[in-house]
Every structure is written in C-alpha cells, then in structure tokens.
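J.: At position 91 of the sequence shown (counting the first as 1) the number is 91 in the UniProt record's numbering, and the numbers step up by one without a gap.
Honestly, the hints are just simulated from the structure, not real lab data. Heads up, a few of these hints could be off.
[What the hints assert, rightly or not] The list that follows gives simulated cross-link-like pairs (lysine-lysine, DSS-like), each with its CA atoms no further than 27 Å apart:
1) Lys244 - Lys266
2) Lys336 - Lys155
3) Lys61 - Lys336
4) Lys244 - Lys361
5) Lys61 - Lys360
6) Lys366 - Lys61
7) Lys352 - Lys336
8) Lys244 - Lys360
9) Lys336 - Lys360
10) Lys336 - Lys366
11) Lys360 - Lys155
12) Lys352 - Lys366
13) Lys230 - Lys87
14) Lys87 - Lys61
15) Lys87 - Lys366
16) Lys199 - Lys230
17) Lys199 - Lys61
18) Lys244 - Lys230
19) Lys366 - Lys244
20) Lys230 - Lys366
21) Lys366 - Lys155
22) Lys361 - Lys61
23) Lys361 - Lys336
24) Lys155 - Lys361
25) Lys352 - Lys155
[What the hints assert, rightly or not] Label-pair distances were calculated between CB atoms; the ranges are:
26) Ser354 - Gly283: 50 to 56 Å
27) Pro150 - Ile90: 37 to 43 Å
28) Ile90 - Val131: 26 to 32 Å
29) Val399 - Leu215: 21 to 27 Å
30) Ser2 - Leu206: 41 to 47 Å
31) Ala124 - Leu148: 56 to 62 Å
32) Ile90 - Asp204: 26 to 32 Å
33) Leu253 - Gly283: 34 to 40 Å
34) Ser2 - Lys230: 36 to 42 Å
35) Ser275 - Ser59: 31 to 37 Å
As the structure is a computational prediction, the values presented were derived from the model and not from experiment. Glycine residues also receive a C-beta, built at the ideal position from the N, C-alpha and C atoms.
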Amino acid sequence: VSTALMTPVLYKLCNAFLPTAFYVSGTCATPWHCFLCVGYGLWGGCAIGFITEYYTSFSYKPVQEVAESCRTGAATNIIYGLALGYKSVIGPVIILAAIVFGSHEFAGMYGIALSALGMLATLATCLTIDVYGPVCDNAGGIAEMCELHPEVRQKTDALDAAGNTTAAIGKGFAIGSASLVGLALFGAFVTRLNASTGKSAAVDLLEPLTFAGLLLGSMLPYWFSAMTMKSVGMAANAMVIEIKRQFDLNPNLLIPNHPDRPDYDKCIRISTDASLQEMVAPGALVMLSPIVCGVAFGTRCVTGLLAGGIASGVQMAISASNTGGAWDNAKKYIGKGGMDDLISQLEPECIKASGEVNTKKSQIYKAAVTGDTVGDPLKDTSGPALNILMKLMAIISVVFADFFLSINDGGGLISYYM
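Throw the hints in and build the complete structure from the sequences for me.
T.: Written out as structure tokens, the structure reads:
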C-alpha cells in the first residue's frame, strides 16, 4: 500500500523540482527518466519484500520443508536451511540487476542513486515492520521469565514468528538499498578519478590489477563474516562457561523460587564487552582494505575491490538473513503444532496423558532449536553487518581518491617496481 501511495507522490516531486532536461555523465535525462529510476527502486524493493516473505514465513512451502527436514535430525535441518538461503538469493539479485541496468540506461550512475532513493522511499514503513520483530521477541521473553500462563507464550510465539518475517523483509530492503548505494558510490569514485586526471577511463576487468582487486573484494565479505560469526561464538562460549560456573558454585540456583539469585550483571557484562571489543577487528578490516589496496596497488585495484565487495556482499547478506529467518520460523512452525501428527507417530513417548503432544520434548523440535541457534548470528550479525561493508568501503575510497592518485599517478607503490 505504501509503495502504491508513494508512486504518484514521487512523480509529482520529479516534475516539480527537476529541469525539463539535463545531462548526467553525457546522458540526457528528463523528469520522466528520473521518475522511472525512482520507480524501479520503489517497486523493486516491494518485490524483494514479497520474495523474502515467501522464503522466511512458515505459511509457505520453503520453511515448511525446512521444518519437515528436522525429522531426521539437526544435520538435515542445517542442509535444507542453507539450500533455502542460497536459493533465496536468485530473485532479489535478478531484480537488482534489472534495476541497475534500467536506471543506468536512463540517467547513468545518477539513475542508480535515484533507484536507491526510491527503494528507501518507504523507509517509515520498513522501520516499523523491522522494529515489530524485536518487540514481540522481547514480549515473549518477559512472559517466560515471569512464568505467565503457557497460552501467553503461545500467543507471543505466533507474534514473534510474524516478527521474524517482517524483520527479514526489512533486512531485504536494507540489503538491496545498500547494494545500490554502494554501486552509486563506486561510480562516484570512478568519476572522481576521471575528473582529477582529466581522462575518461573505464573500468577494464581484463587488467590484471583490476581482476586481482575483484578477487580480493569478493573475499572480503567472507573474511568479515568469519570474524563476526567467530565473535558471536566466543561470546556465547564465555556466557555458557560463566552460567555453568554459577550453577556449580551455588546449586540452589536450580531450585525454583529459591531466594538465591544468579549474578545477571556478570552475564550482561560479558555480552556488552564482546559486542564492543570484538567489532574492532572487523571495522578495521573494512576501513583499511581500500586504503591499503589503493596505496600498495593503485586505483585500478581499488575499483576491482569495490566491485567484488558489492557483488559478493549483497548475495552473502541476503543468504545469511533469509537462512536465519527460515530456521527461526521453522522452529516456530514446529512449536505451534505444525508437525504434531508426525511427532505423535515417530515419538509416541511425547504424547501426554491428556492426549496432547509435548512438542518441545521431541527430537524434531530439538533439531529445529539447533538450526535456530546457528541461524541467529547469521540473520542478526553477519547479514546486516555486510550492508556497512558495501557502503563504507566505497565511501572511504571516494574520500581517499585524490590521495591514491598522488602516489605515482594512481599506480600505487607497486608501480615503482614494475
């Protein structure tokens, strides 16, 4: 609805504030061309949202297949979830490719920037649906800690499942817009180089340094994700060790309603310290990579680095976010009773005396919990963080463009030895 409402508004704005014709990088653009570029981004973002919903909501077949794979254990659940994440990349990437091609045809790199603006035109709605998920998740946690009636937890789980999907949709918008913004900044970097040198050079992937930079840029999202995932694992490991230490030190903590209370502050401190300290290295990687590459190997290598980082990062980000969301909702689907019939057949010991199925005691549910545990750092840490990688690398490259050119006319230190 918000997309449909924004379309005529953007048309009026383009006609009201843009001249009848203007040139951008040698391309003649009109208000109609600019409106089409914005419209591509606006409706492309909407399409990405629907695709994300299809792959992350348990109302559709992909997540249900992931849930059914839990019948044979956590390993098959992980395999199905990864396959779903890889497959979910196809649609959004095709849409982004079409947006880039169409926008560039109408207004060059300026058109791509406009399409990124169009994708963010419904920002208020995107933020609203993105915030909905954490609110529902925290409500469920409060209900469980307060030991409210199980029905309350069931209702918050249903809301949380919807929240997981809305959060994934919000991440889809963010990833798509980040890739377009990164590409527009990449174009700004190349334009800055051409303006400073007075030449009109194009990016040639057959240049050895450019292709080498492309390979390095494609590797950076993997390196970055490895660092963030390991950081989550280290923090979780420290948290488990601390909790076990407290239980061993004071067994009374395991007794319900006992006056002895755990040391919550220690656990909170572990999480907070890890979130700050463990982000230093990934942040340095993103900021220093284009600088080191530009100083050592020159501007041609930086152009390849940026192109590779965007191409690889957008696909990794979409895959990680959708995989994590699918695993989470597969667990919710099983928890709400979506596979009770199968559980009653395979695990009759989970049937209560009242005839109800104790889903959370089943091996199927435990396998789903394992997948959800693996998926949380993917969808909440690595996936969203890659947006920053795509944009920040390009911004730093634009800022340091003239500095790179000052080193042997952009050839880098390596040119002194060639």
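J.: For each hint, tell me whether it holds in the structure or not.
T.: Verification of the hints:
About 12 Å separates the Cα atoms of Lys244 and Lys266, which keeps this hinted pair within 27 Å; it holds. Note on Lys336 and Lys155: the hinted pairing holds, with a Cα-Cα distance of about 9 Å set against a maximum of 27 Å. Taken as a hint, the Lys61 and Lys336 pair is honoured in the structure, with Cα atoms around 16 Å apart against an allowance of 27 Å. A distance of roughly 22 Å separates the Cα atoms of Lys244 and Lys361; the hinted pair therefore holds under the 27 Å criterion.
Under the criterion of a C-alpha separation no larger than 27 Å, the hint pairing Lys61 with Lys360 is consistent with the structure, at around 22 Å. A C-alpha spacing of about 21 Å is found between Lys366 and Lys61, which places the hinted pair at or below 27 Å, so the restraint holds. As the CA atoms of Lys352 and Lys336 are separated by approximately 16 Å, the hinted pair is consistent with the 27 Å bound. A hinted pair counts as satisfied when its Cα atoms are at most 27 Å apart, and Lys244 with Lys360 qualifies at roughly 23 Å.
Restraint check: the Cα-Cα separation between Lys336 and Lys360 comes to about 10 Å, which is no more than 27 Å; the hinted pair holds. Note on Lys336 and Lys366: the hinted pairing holds, with a Cα-Cα distance of about 14 Å set against a maximum of 27 Å. About 16 Å separates the Cα atoms of Lys360 and Lys155, which keeps this hinted pair within 27 Å; it holds. Among the hinted pairs, Lys352 with Lys366 is consistent with the structure: their alpha-carbon atoms are about 18 Å apart, no more than 27 Å.
Taking the CA atoms of Lys230 and Lys87, the gap is near 25 Å; set against the 27 Å cutoff, the hint holds. With a CA separation close to 13 Å, the supplied pair Lys87 and Lys61 stays within the 27 Å bound. With a C-alpha separation of about 25 Å, the suggested pair Lys87 and Lys366 falls inside the 27 Å cut-off, and the hint holds. For the suggested pair Lys199 and Lys230, the alpha carbons sit about 44 Å apart, so the restraint of at most 27 Å is broken.
Simply put, Lys199 and Lys61 have alpha-carbon atoms about 53 Å apart, too far for the 27 Å limit, and the pair is violated. With a C-alpha separation of about 21 Å, the suggested pairing of Lys244 with Lys230 holds against the 27 Å cut-off. The hinted pair formed by Lys366 and Lys244 meets the criterion: a straight-line CA distance of about 21 Å does not exceed 27 Å. Only pairs whose Cα atoms come within 27 Å are accepted, and Lys230 paired with Lys366 is accepted, the gap being roughly 23 Å.
A C-alpha spacing of about 21 Å is found between Lys366 and Lys155, which places the hinted pair at or below 27 Å, so the restraint holds. Taking the CA atoms of Lys361 and Lys61, the gap is near 25 Å; set against the 27 Å cutoff, the hint holds. Using a Cα cut-off of 27 Å, the hinted pair Lys361 and Lys336 holds, with the two alpha carbons roughly 13 Å apart. Restraint check for Lys155 and Lys361: the C-alpha separation of about 19 Å stays at or below 27 Å, so the hint holds.
For the suggested pair Lys352 and Lys155, the alpha carbons sit about 21 Å apart, so the restraint of at most 27 Å is met. Ser354 and Gly283 have their C-beta atoms about 54 Å apart, which keeps the hinted 50 to 56 Å range intact. In this structure the supplied range 37 to 43 Å holds for Pro150 paired with Ile90, their Cβ-Cβ distance being about 40 Å. A hinted range of 26 to 32 Å for the beta carbons of Ile90 and Val131 is consistent with their spacing of about 28 Å.
Take Val399 and Leu215: their Cβ atoms lie about 24 Å apart, and the range 21 to 27 Å holds. Evaluation of the 41 to 47 Å hint for Ser2 and Leu206 yields a pass: the beta carbon distance comes to about 44 Å. Checked against the hint of 56 to 62 Å, the C-beta distance between Ala124 and Leu148 comes to roughly 33 Å, which is inconsistent with it. For the pair Ile90 and Asp204, the supplied restraint of 26 to 32 Å holds, since their beta-carbon distance comes to about 29 Å.
Between Leu253 and Gly283 the beta carbon distance is about 37 Å. The supplied range of 34 to 40 Å therefore holds. Distance hint for Ser2 and Lys230: a CB-CB separation of about 39 Å, consistent with the stated range 36 to 42 Å. Between Ser275 and Ser59 the beta carbons are some 33 Å apart, a value that agrees with the proposed interval 31 to 37 Å.
Checked against the numbered hints above, the structure breaks hints 16, 17, 31 and satisfies the rest.
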